[in-house]
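Novice: The primary structure of each chain is shown beneath.
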Amino acid sequence: MGDTRQTIAKRAALEVKDGMVVNLGIGIPSMVPNFLGENMKVFFQAENGILGMGPTPKENAEGNLSNAAGLPVTILPGASYFDSAIAFGMIRRGCIDLSILGALQVNALGDLANWIVPGKRVPGVGGAMELAYGAKNLIAVMNHCDKDGQPKIVTQCSLPVTTYRCVQKIITEMAVFSIVDQQLYLDELMPGYTLADVKNNTEADFSFSTNFKAHD
Amino acid sequence: MHLFDKVTDYATAKSAFFDGMTLLFGGFGGVGTPPGLIDCLIDSGVKDVKLIGNDAGFPWIGIGKFVCLERATHLLASHIGSNPTAGDLMNQGKLHVEFSPQGILVERIRSGGVGLNGFLTELSKGTQLEYDKPKVNIGGKEYIYEAPVTGDVGIVYAKKADTFGNLIFDKTARNTNPYVAMASKVTIVEADEIVPMGALDPEEIVVPGIYVKYIVQSKGYNWKWVWETQDKQ
Chain A
1 MGDTRQTIAK RAALEVKDGM VVNLGIGIPS MVPNFLGENM KVFFQAENGI
51 LGMGPTPKEN AEGNLSNAAG LPVTILPGAS YFDSAIAFGM IRRGCIDLSI
101 LGALQVNALG DLANWIVPGK RVPGVGGAME LAYGAKNLIA VMNHCDKDGQ
151 PKIVTQCSLP VTTYRCVQKI ITEMAVFSIV DQQLYLDELM PGYTLADVKN
201 NTEADFSFST NFKAHD
Chain B
1 MHLFDKVTDY ATAKSAFFDG MTLLFGGFGG VGTPPGLIDC LIDSGVKDVK
51 LIGNDAGFPW IGIGKFVCLE RATHLLASHI GSNPTAGDLM NQGKLHVEFS
101 PQGILVERIR SGGVGLNGFL TELSKGTQLE YDKPKVNIGG KEYIYEAPVT
151 GDVGIVYAKK ADTFGNLIFD KTARNTNPYV AMASKVTIVE ADEIVPMGAL
201 DPEEIVVPGI YVKYIVQSKG YNWKWVWETQ DKQ
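Chains as they are written, first to last, in my numbering: chain A, 1 to 216; chain B, 1 to 233.
If we strip away everything but chain A, and leave its shape as in the complex, we get (with noise of 0.2 Å):
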């Protein structure tokens, strides 16, 4: 389990390119930084009110620098802080070049789901409605399937819509996808998954990108 969202955020790392300025959700997103190259110069935007995160701190640690998730974190030269209303603000007004987000579901359309599994789960919106209406980019980062092995790529999704149209590219265990124009478009596979693994698993149906991939 961990060694799978090693690989998922590892190859999600590879989507973020120098002097972007990215937000990383909870979970395996907030894993991406520990697979960027040493040369990569990125700004993390955190909406609890940070421009400039950086990594972990090895000793000093504080709770009043933290990230959305509480954990502590440092800040590199330049960074800033600010309230909520402009965390948002810059949020909505498309300054965030990449938004990494985990996700419960994602159709075809590229709509989607993470924020409540009615009657079960509810850990509530948060930031992602925001993220997902102004982040230039959004890729979606998740197990293929659920904790009972069904496919979370759907043709239809079940669980309450987060935002609607906004996934632009689904990175998981098996395989990378696209969406362009409300199609879904496989990438990649990842190492060790065939192209019949991937059929199993998802629920809705796709193409090939022009460019598909087995894998490196």
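Rather than coming from a laboratory, the hints here were simulated on the basis of the structure.
Straight-line C-alpha distance at most 30 Å; calculated DSS-like pairs for lysine-lysine: (1) Lys58/A - Lys159/B; (2) Lys125/B - Lys136/A; (3) Lys120/A - Lys94/B; (4) Lys94/B - Lys224/B; (5) Lys47/B - Lys219/B; (6) Lys120/A - Lys50/B; (7) Lys171/B - Lys17/A; (8) Lys10/A - Lys136/A.
Given the structure of chain A, go ahead and fit chain B onto it with the hints provided.
Specialist: Below, chain B without anything else, positioned relative to chain A:
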């Protein structure tokens, strides 16, 4: 209480709380939630409280300590996942939870705090978070009307306050605190450090003291953060 000396004790702060009040609270996952005022709220015995804030804290952190006592009837928040008790109370029908996108929630508080009548957004359109909010059609496009919110009482955590109530904050502990201060009828500030007027650089003041009613001295956080209680990874 003089305009320029709002420093008081927790007993006075406690007297501001009442049954059925709407309480705005600052903080994000407990970071920036005033720990002394949370204990004061718990000690006050008030019930039927309507809570408005970013999230439900953790069961032992921030507003979560109060939520778990089942003395709140309503919670308007963006997120309750860090406090499973809040989710249980919601599913049992004991706590009415209204969810809001995080930035829309703070703008609703801000709107209340700056004397506006709400705003329009398309953000939650077509989702469950529309609830039964009014819709407005302008130029053929439909928007959701988001109403302003205000608090009877607001609790705020600041790094420094002068005796007038000019405030500065600490790093990510700022979050919703400035707007909670602005949108509450009775704003109570817990400050790590209370300084004389004139001691803060006017350029660094984030919230002008005009919004503040009471100031109490903090003893700092009295809970352990999640990362302090987990094994080193």
